[in-house]
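Read top to bottom, the protein sequences are chains A and B.
With the numbering used here applied, the first sequence corresponds to residues 1 to 182, in that order.
With the numbering used here applied, the second sequence corresponds to residues 1 to 182, in that order.
Because the hints were derived from the structure by calculation, they are not lab data.
Where hints are given, some of them may not hold.
No copy labels: a pair is met if it fits in one copy or bridges any two.
In silico BS3-like pairs for lysine-lysine, Cα to Cα no more than 25 Å straight-line [unchecked claim]:
id : residue 1 : residue 2
1  : Lys32     : Lys144
2  : Lys127    : Lys43
3  : Lys43     : Lys16
4  : Lys36     : Lys127
5  : Lys144    : Lys16
6  : Lys32     : Lys127
7  : Lys127    : Lys16
Treat the numbers as computed from the prediction; the structure is a model and nothing was measured.
Number of protein chains: 2
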Amino acid sequence: MYKNIYSALYDESSTKDFIYSLHSRERELLFKEMQKCEEKRLKSEGQGPVQPPTSEQLRFLAFHNALPFFGFGFLDNLIMIAFGEYIDMTLGMRLGISTMAAAGFGNLISDVAGIGLASYVERLSMKFGVRTPEMSPEQIDMPKTRWIASIARAFGVAFGCFIGMFPLLLFKDEDEKCEDKT
Amino acid sequence: MYKNIYSALYDESSTKDFIYSLHSRERELLFKEMQKCEEKRLKSEGQGPVQPPTSEQLRFLAFHNALPFFGFGFLDNLIMIAFGEYIDMTLGMRLGISTMAAAGFGNLISDVAGIGLASYVERLSMKFGVRTPEMSPEQIDMPKTRWIASIARAFGVAFGCFIGMFPLLLFKDEDEKCEDKT
Chain A
1 MYKNIYSALY DESSTKDFIY SLHSRERELL FKEMQKCEEK RLKSEGQGPV
51 QPPTSEQLRF LAFHNALPFF GFGFLDNLIM IAFGEYIDMT LGMRLGISTM
101 AAAGFGNLIS DVAGIGLASY VERLSMKFGV RTPEMSPEQI DMPKTRWIAS
151 IARAFGVAFG CFIGMFPLLL FKDEDEKCED KT
Chain B
1 MYKNIYSALY DESSTKDFIY SLHSRERELL FKEMQKCEEK RLKSEGQGPV
51 QPPTSEQLRF LAFHNALPFF GFGFLDNLIM IAFGEYIDMT LGMRLGISTM
101 AAAGFGNLIS DVAGIGLASY VERLSMKFGV RTPEMSPEQI DMPKTRWIAS
151 IARAFGVAFG CFIGMFPLLL FKDEDEKCED KT
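Chain A on its own, in the form it takes in the complex (with noise of 0.2 Å):
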């Protein structure tokens, strides 16, 4: 499950938690681009209807939303079954617990895991990723624009689970062991 950047912001109390929380260069660069941001809009006011974004833009704010998530979809399986299998072979036969346990154990470690390595991974998807394409703040706030990003992040992050089930295909699957068993 991700922590949604998105909606940590929805009252003072809330809002202000969201600031101390951030380091102090981070609150310095974020007041800067906020006044930036804010001086872009106060311009724009009074120009005439707001174009609504062409495709293009589209295509690349889909891209660059999924790209972050597939990373989160494919580490939180892999590392997931990764770890599950191993206590499920080592664990598992040992103490009897099932193999779906071993999962709910290999999924404990991948999102203690997650904590650590969500930044790294924003990170490199930054440095591959498209950016976000240059859009402004109203054409942002389209309800067209949101769902396209959601949509594409619950995309990226169910292919990043597929892919991220290659492991599988390195383990003797379940029926080979129930075989083994009797």
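Fit chain B to the known structure of chain A by using the hints.
Only chain B this time, still in chain A's reference frame:
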């Protein structure tokens, strides 16, 4: 894995990406609170060395950080295991995929669901959770404070994942399934 709000701001471009990802209402809130924070910081400058946070403040901080991550871990493992078991008992039996593969698909569903659910978990834990204790930006920036927040998040998610494994008690264990098959 968690989209880390503390990692999204490391250069001008990523900060701009972040600001543009916010809704207009969120941007307004953030800009207002940042101005307040900046005023506070300027006022406290030159008032001598900063006191480190008290142990009571750190306890509050730990609880405040652990609670939403407990929620994420709990839901993540709960959804993964519930869907994993369901897939294992339906598709798994029919297509012959292993229990670990079923868990992988369960995790895929859990991760996609997490994109939508994360905001509800945060709001809920804000409602029940202890607010960030009144700390100055300088106190928040201390390495000790950062470490305690990170460790609290890791413990929160691990404990949440563990408690989220309770559906396993409702299912037959693997050995019984193997016996059924033979």
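Status of the hints after comparison with the structure:
1. Lys32 to Lys144: Intra 28 Å, inter 27 Å, cutoff 25 Å: neither.
2. Lys127 to Lys43: neither (31 Å within a copy, 38 Å between copies)
3. Lys43 to Lys16: Result: close only across copies, 17 Å inter versus 28 Å intra.
4. Lys36 to Lys127: within (24 Å within a copy, 33 Å between copies)
5. Lys144 to Lys16: between (29 Å within a copy, 20 Å between copies)
6. Lys32 to Lys127: within (22 Å within a copy, 31 Å between copies)
7. Lys127 to Lys16: between (30 Å within a copy, 15 Å between copies)
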